[in-house]
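Go ahead and model the full structure; you've got the sequences and the hints to work with.
Below are the chains, spelled out letter by letter.
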Amino acid sequence: MLGPAITTQGLTRRFGELLAVDQVNLSVEAGQFFGFLGPNGAGKSTTIKMLTGLLAPTSGTIRILGLDLLANPVDVKRQIGVVPEGMALFGRLTGMEYLNFVGRMYGLSREIAAQRATELLDFMQLASDPKKMVTDYSHGMQKKLALAAAVIHAPKILFLDEPFEGVDAIAAGTLKNMLQGMIDRGATIFLTSHVLEIVERLCSHVAIINRGQLVAQGSLAELRSGVEAQVHAEAAGDGHPSALPAERLTLEQIFLRVVGGSRTVNQELSWLG
Amino acid sequence: MAGVMISPETRGQFSAIAELRWNLFRNSLRTRHGKTELVSQIFIGILFCILGLGGSAALAVGAWYLISENKAQWLALLLWPVFMFWQFFPVMATAFTDNLESSSLLPFPLGYRSYFLVRLAYGLFDAATTVGCMWLLGILFGITVANFALLPSSAIVLLAFAAVNVLLTRVVFSWVERWLAQRRTRELFGVLLFLMLIGFQLIGPTLDRYSHRQRPGVMLAVAERVSLFQRVLPPGLAGESIASISRGAYGAGLTWLMALSVYGATFVWLLNFRLRAQYLGENLSEAGIAEVSQTRNQPLRLGWNLPLVSGSVAAVFEKELRVLSRSGPMLLSLVMPIVALFVLRIGRWSAGAQGLHSTMMRAPDFGFPMGSIYALLILTNLVYNNLGAEGSGVQFFLVSPIRFREIVLGKNLAHSACLVGTVFLVWLAVNFVYGTPTAAMTAATLAALLFAAPLTFAAGNLFSIYSAKRVDYGTFGRQKASQLTVLASLGVQLFIFAVGGGTIVASRSFGNLWLATPIFMLLAIFSFAIYMLGLGRVDKLVLDRREALVSELSKA
Numbered sequence: 001m002l003g004p005a006i007t008t009q010g011l012t013r014r015f016g017e018l019l020a021v022d023q024v025n026l027s028v029e030a031g032q033f034f035g036f037l038g039p040n041g042a043g044k045s046t047t048i049k050m051l052t053g054l055l056a057p058t059s060g061t062i063r064i065l066g067l068d069l070l071a072n073p074v075d076v077k078r079q080i081g082v083v084p085e086g087m088a089l090f091g092r093l094t095g096m097e098y099l100n101f102v103g104r105m106y107g108l109s110r111e112i113a114a115q116r117a118t119e120l121l122d123f124m125q126l127a128s129d130p131k132k133m134v135t136d137y138s139h140g141m142q143k144k145l146a147l148a149a150a151v152i153h154a155p156k157i158l159f160l161d162e163p164f165e166g167v168d169a170i171a172a173g174t175l176k177n178m179l180q181g182m183i184d185r186g187a188t189i190f191l192t193s194h195v196l197e198i199v200e201r202l203c204s205h206v207a208i209i210n211r212g213q214l215v216a217q218g219s220l221a222e223l224r225s226g227v228e229a230q231v232h233a234e235a236a237g238d239g240h241p242s243a244l245p246a247e248r249l250t251l252e253q254i255f256l257r258v259v260g261g262s263r264t265v266n267q268e269l270s271w272l273g
Numbered sequence: 001m002a003g004v005m006i007s008p009e010t011r012g013q014f015s016a017i018a019e020l021r022w023n024l025f026r027n028s029l030r031t032r033h034g035k036t037e038l039v040s041q042i043f044i045g046i047l048f049c050i051l052g053l054g055g056s057a058a059l060a061v062g063a064w065y066l067i068s069e070n071k072a073q074w075l076a077l078l079l080w081p082v083f084m085f086w087q088f089f090p091v092m093a094t095a096f097t098d099n100l101e102s103s104s105l106l107p108f109p110l111g112y113r114s115y116f117l118v119r120l121a122y123g124l125f126d127a128a129t130t131v132g133c134m135w136l137l138g139i140l141f142g143i144t145v146a147n148f149a150l151l152p153s154s155a156i157v158l159l160a161f162a163a164v165n166v167l168l169t170r171v172v173f174s175w176v177e178r179w180l181a182q183r184r185t186r187e188l189f190g191v192l193l194f195l196m197l198i199g200f201q202l203i204g205p206t207l208d209r210y211s212h213r214q215r216p217g218v219m220l221a222v223a224e225r226v227s228l229f230q231r232v233l234p235p236g237l238a239g240e241s242i243a244s245i246s247r248g249a250y251g252a253g254l255t256w257l258m259a260l261s262v263y264g265a266t267f268v269w270l271l272n273f274r275l276r277a278q279y280l281g282e283n284l285s286e287a288g289i290a291e292v293s294q295t296r297n298q299p300l301r302l303g304w305n306l307p308l309v310s311g312s313v314a315a316v317f318e319k320e321l322r323v324l325s326r327s328g329p330m331l332l333s334l335v336m337p338i339v340a341l342f343v344l345r346i347g348r349w350s351a352g353a354q355g356l357h358s359t360m361m362r363a364p365d366f367g368f369p370m371g372s373i374y375a376l377l378i379l380t381n382l383v384y385n386n387l388g389a390e391g392s393g394v395q396f397f398l399v400s401p402i403r404f405r406e407i408v409l410g411k412n413l414a415h416s417a418c419l420v421g422t423v424f425l426v427w428l429a430v431n432f433v434y435g436t437p438t439a440a441m442t443a444a445t446l447a448a449l450l451f452a453a454p455l456t457f458a459a460g461n462l463f464s465i466y467s468a469k470r471v472d473y474g475t476f477g478r479q480k481a482s483q484l485t486v487l488a489s490l491g492v493q494l495f496i497f498a499v500g501g502g503t504i505v506a507s508r509s510f511g512n513l514w515l516a517t518p519i520f521m522l523l524a525i526f527s528f529a530i531y532m533l534g535l536g537r538v539d540k541l542v543l544d545r546r547e548a549l550v551s552e553l554s555k556a
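Line by line, the protein sequences give chains A and B. My numbering applies: residue 1 is where the first sequence begins, and numbers increase by one. My numbering applies: residue 1 is where the second sequence begins, and numbers increase by one.
Please note that the accuracy of each hint is not assured.
Part of the chain B face toward chain A, derived, beta carbon under 10 Å [as the list claims (entries may be wrong)]: (1) 319; (2) 399; (3) 552.
I should point out that these hints are in silico values taken from the structure, not numbers from a laboratory. Positions of the beta carbon are idealized from the N, C-alpha and C atoms, including for glycine.
Structure below.
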C-alpha cells in the first residue's frame, strides 16, 4: 500500500444559507484513478476547488500526500496538477509561450520548461501553428493545452474537472492513454466527469456526491455489489423477484440508483415524437 | 396579396422577438449594475432629445432661410451633417460595445424574408435614426414654412433620403458585424477607430495653424471640386432634387430622386448579399478550422532571464510584456502622452496664444514633467486592475506553487518597464518638439517618478485584489473599472500631484529647482517602504479574497 494521496475529514463549505458540501470524508489512495461523480449542482466543482486551494473550506481538513493543504499550500501545489473549470489559460500567449510560462512557474529551469513544452505541444498535436494565440484555439484545443499545462511539472496528483468535455474522439484517446500511463507510473488522478462511460472505463474507484453529501465511495466492484445487494433486499421485502438485469450493472445504473434518478428517467412526455 | 400578408407563424415569431428584447431589458434591471445602466441611459436619452430637438430647430431655421432666400442649391449643406451623424455615430458606438448576435436567430425556423425584416427593424429604433429623423423633420418644417407648396415633394425626397440612411446604416453594420466576429479584424477595427479619434484631435490644431496662411483662390477651387463630388452622393442628390423642384424643374427633381433611389436599391442589394450569407450559416469562427498537427523540428524557445529575480518572477514579467505587446489598444494608450505633446505643439502656441500653450512655449521645461505625469496616469489603467486581464487564468496563479507576491512583483516590474519606456519616449519627444529640458527639471521629474511609482503600485496592488474587474485589453470600450478603484486612484493621484507640485513650487520659491530632487528622493524612500509593506501582505489578502477573485475574473 502506498498510503492515501488525498484525504478529507468533515469537509464542509457553505455559501450563505446554501450548504454546498456537507461533512465529506474522502479517501483516495495513491495510484488510484478516482472518479468523482454527482448530478448538476451536487458539489463536485466546489469540492475539487477546495482540494486544489481555489476555495477555502468552511470547516474540515484536507490532506494531500500527507500534507495539510491549509498549512502547507505551496508544498502541496508543487506536487499537484490542475485543470480547473474554465481551464485557467492566458488567451494572448501562444501555446508554446503559455507552457513555457507554466513550466517556469512550477520551478522548472528555462531549458527543461522549453523542452517539455515542445514535447507536450507535439504530443497534444498543437504544434502545427506556433504563432496562433490561445484565444484563437478551439475549445478542444484549449482543453488539450490546459491538460498539457497541468502535467508539465510531472505532478504526483492530477485534478481534472471535466477533462474530456469538447475534446474530439482522437484527442480523447490520446489523453486517455497519457493518463493511463501516468497511473501506471504511480500518479494519482482525481477526475470529475458527466460522461459515465469514460469514468467506468478509466477509473478504478469512484465517489458519488449528491446534494453536498457523499453518498457512495469505493471501487467499482464494491459499489456494484452494494447496489445489487440493496436491490435484492428490496425485492425480497416486497415479495417480488429481483428486477436486476442479467448482465452486470453499468456505472450509469449504479449512479441513477444511488442518486435516486430512476423516476426521472422513467418519466415521459406524451406529446414528444 | 398573399405576398404582402404575414403568416400567423411569422407574426408569432416577430412578437416573440419583441418580447425577448423586452424581457432581456426588464431582466437587466434586476441587478444593481442594470439599474445604474438604466439611469445612465435615461441621462443619455435626455441628451439625445436635446441634440435632436436643438438640431432640428437649427436645421429648420437653416432650411427656411435657404428656401426663402432662393438659395435651395445649398440645401445639401444641411443634409450632410445629418448623413454624417447617421452613418458615423452608430459605427463608432458599435466599436465600443459588445458584439452583435445575429447568429442567435438562425437556429429558429425563421424564413429569409422574416430574417431580413427583423435585421432591418433592429436599426429603426436606435439613437442615430431617431435623431436623424428629428433633424429631417426640422428641415421639412423649415422648407414648408418658407414655401408650403414644396411640402409633398420635399416629404417624399426626405423620406427617400431617410430610407437610404437606414439602409446604409444596416449595410455598414452588417459588414462591421462581420469584422467584429473575428478577433483580428475586430482589434484592427478598434485600432483604426482609435487612430481616427486621434486624427480628429489633430484637425483643430492643424486648421488653426494653417488658418494664418489663407489662400482664397485655392480654397475656392477646392470647395468647387468638393461640391461637384458631393452632388452625386445621397445628401447632394436629395438637396439637388428639392432645389430643382423649388425652381420648377420637376423633371430634374425627379431624376435626382431616381438617382437617390438607385443608392437605396444598391444598399438593399448589398444588405441582402450580407444577410443571405449570414442566413445560410457562414462560419466566421477563427477556431472552427480543423488542423492537422505537423511535427516540426523547431528550436527550443527559452523564456526570458532577469537578473536578481527568481525564475517565476521573470516568467510573470515576460508573460505580462508579451500580453501587452499584443494588446493594440493598450499599447496605443501608452503612447498617448507622446501624441499629446505633438497635438499641443501643432496648436496655436507658436502664434503666442494664452493659457496652457503659452505656458508650454515660455517654459519648455514643463513638457517633460507633464508628459511623465500623463504616462503615469495612463498606466493606472493597468496598475489598479493588474489581474483584470487574466480572466480565468487567475486560477492558475492560485493553484501554482509560488507566493502571490512574486506574481505581483513580476507584474509591477513589467509595468515599471512600460513606464520607463514611455518616459524615455516622452523625453525624446520633448527634446524634439520643445527643446531639451534643463538638467534640474529632468532630475526632479525622474526623482518624482521614483516617489510616485512605488506609491501607485502599492495602491494599485491593493485595489487589484480588493476590486478586480475583468477587462480585455485587446478591445476598446466597456472596460469599466470598479467605481471604488476609480475613486481610490483619483485620491492617490491627487495626493501625488499635491506633494509633487508642492515640492516643485517650494523649490522654485527658493530659487533652486535642484532642491526638488533630494526631497523627492527622500519621499521615494518612504513610498518604497510603503510598497514593500503592501507587497508583504499580498499573499494574505489574496488568500482571503481568492473566491471573489475567481468569481469576478472567470465571468463569461
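Which of the listed hints are broken here? 3
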